[in-house]
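Enquirer: What follows is the residue order along each chain.
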Amino acid sequence: MNENYMFSLMAVILLFLLAVLGVDGFGLYSFFGIFVPYLSFAVFVGFFLYRVIGWARSPVPFRIPTTCGQGKSLPWIKHAPIDNPSTTGGVVVRMLLEIVLFRSLFRNVKLQFRERGAKIFYDWELWLWIAALAFHWAFFAVVVRHLRFFTEPTPGFVKFFEYMDSFFRVEILTDVVQIGLPAMFISGFVLLVAVVYLLLRRMFIPKVKYISLSSDYFPLFLIIAIAVSGILMRYVSKVDIVSVKAFTLSLVKLSPALPEGVGTIFYVHLFLVCVLLVYFPFSKLMHMGGVFMSPTRNLANNTRMKRHVNPWNYPVDVHTYEEYEEEFRDKMIEAGLPVEKGE
Amino acid sequence: MSKQTQVYDKEIVFAGLAVFLIIVTFPFWYNLVLGKAASAPVPELTKEAKAAKTCVLPAAEMKSEHMRILDVWRHSVVRQVKRVYTTPDGRDFEMSLTNSCLECHYNKTEFCDKCHTYASVDPYCWDCHIDNPKEIK
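Protein chains in written order, with our numbering: chain A, 9 to 351; chain B, 121 to 257.
Bound-form chain B, shown alone:
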């Protein structure tokens, strides 16, 4: 018997494979068809932040670790009643989301949200915390 070369149930098999291809190549065509040409977000610094020059910790560390800092701050304020944070280089900060972070970064939409939308994270903090102290004043 010669080697089988025929594909049985062609219609179903190829339809199935087409579905497979469409699914596994999803990121490729999604970004072509629906994607924005957006490049990585550059969070905007406010005048006050620019004047301060440095964040609580070096920027590289802030980028990946800022949620940890917020978690530690929250923990020490709410559980240990400690409200002052001293950075390794000796600056003091009030451990406060609104009064520290947003004091410098009061442009939440151009700063925090820009990254968060890009990374698809939606912190629930703003359910309670005021997100724009400068505007409310």
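Here chain A stands alone, though its shape is the one from the complex:
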């Protein structure tokens, strides 16, 4: 037991119960269906902008990119243009690879003691990279796919995602679970498996567990709950998709109308997503905006080519030599010191 993850797990269970109680017990449909979604979206967008602008207010007086290769130097020294970019173009390529492929995580190593601590090894930590990549890309696919509920007509790129996502026609037919009709979307399952791996990693690797806090576990549990409720809704306890879409469309058309006969599980799913949206800008999840703002990645290493002036330098009162000589010329001549402008 560890109070950090117990605390987060309890929080997610509580949120779940809150939605069930609110909808089933008190019938607060318009609160959970209309008020909370609008509020959470406004909070998400507003505080997202606020956080990013907050970061943009911090001066970055020096060029501080982490250099992972040879900087630009003399022509006969081989330069690493992406790992140590000296131009904006290089920075763009570096950022792009970082954001879509998590290049720095790919190079992550973990420290290991071998032979009873006599030797230190640095092992390549490949699985974290694979799980992180799977998780983020699957999440992206899931978000894009959900646009089918928010757009009419459904745009081509959403249909393309659905087509690719249901490419593997896995068909399972039992009394409880029925996968195949409707088609299985692989991204939902990849997302769930990857996020469970990321959670187990924090719970079972002692060094990672030691540095993990409630704020690391909470989003993982929350995302697991969202994924599970979504998967349940699609393959087990189905909801009427047409009513759901009519409702979600009414939300984005700003004339909200609650759906008829859509089960509690839908409201639970929706509420947990809203919680995620509200939690987003105040948490480590802001790395979505932060990755663009990180000066160790987004600056070109061009200190040898361009002068960068510290933005918080206040104007210094300088007393130039010319002024000095002007002031003390008589005394200097008296003392026999050389002057530039004689009388």
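Hints may contain errors.
A few chain B residues facing chain A, derived, Cβ under 10 Å [said to hold, decoys possible]: (1) F134; (2) L154; (3) V192; (4) V241.
Since the hints were made in silico from the structure, they are not lab data. Beta carbons are placed, not taken as given, at the ideal position from N, Cα and C, and that holds for glycine.
We have chain A; now place chain B onto it with these hints.
Expert: Frame of chain A, contents of chain B only:
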């Protein structure tokens, strides 16, 4: 030192935030600009269906569960050679996509497709199964 109020690299930061805003508000402006004013589809019933009054199962259940029924039917016909389905209220149906579902709902474009286009689903059944038995006759 006074609290920093200046935003550095204004152009890039605000351009980035503008892109963010455009992306997250996509559903809002997409439906305004390109969206049809369509409300939720009301599948049209044929004369035969109207006469029959009820579907295989109650309509509410059909709405969300019809793919499961088709899956079960397909499974029992193709794997178990059982071709007759008895509903809980005792009616018998031939477990057939074309001969049952489309017998009543032969207006596929005004019935099945209307919902499916709206929900962005594209069942692959019609690669093999005849989708309009009445018209072919």
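Enquirer: Run every hint past the structure and note whether it holds.
Expert: We went through each hint and held it up to the structure:
1. Because the closest C-beta pair between F134 (chain B) and chain A is about 9 Å apart, less than 10 Å, the hint holds.
2. Contact between L154 (chain B) and chain A, as hinted, is supported at the beta carbon level, the nearest pair being about 8 Å apart and thus within 10 Å.
3. Contact between V192 (chain B) and chain A, as hinted, is supported at the beta carbon level, the nearest pair being about 7 Å apart and thus within 10 Å.
4. Checking V241 (chain B) against chain A: minimum C-beta separation of about 7 Å stays under 10 Å; hint holds.
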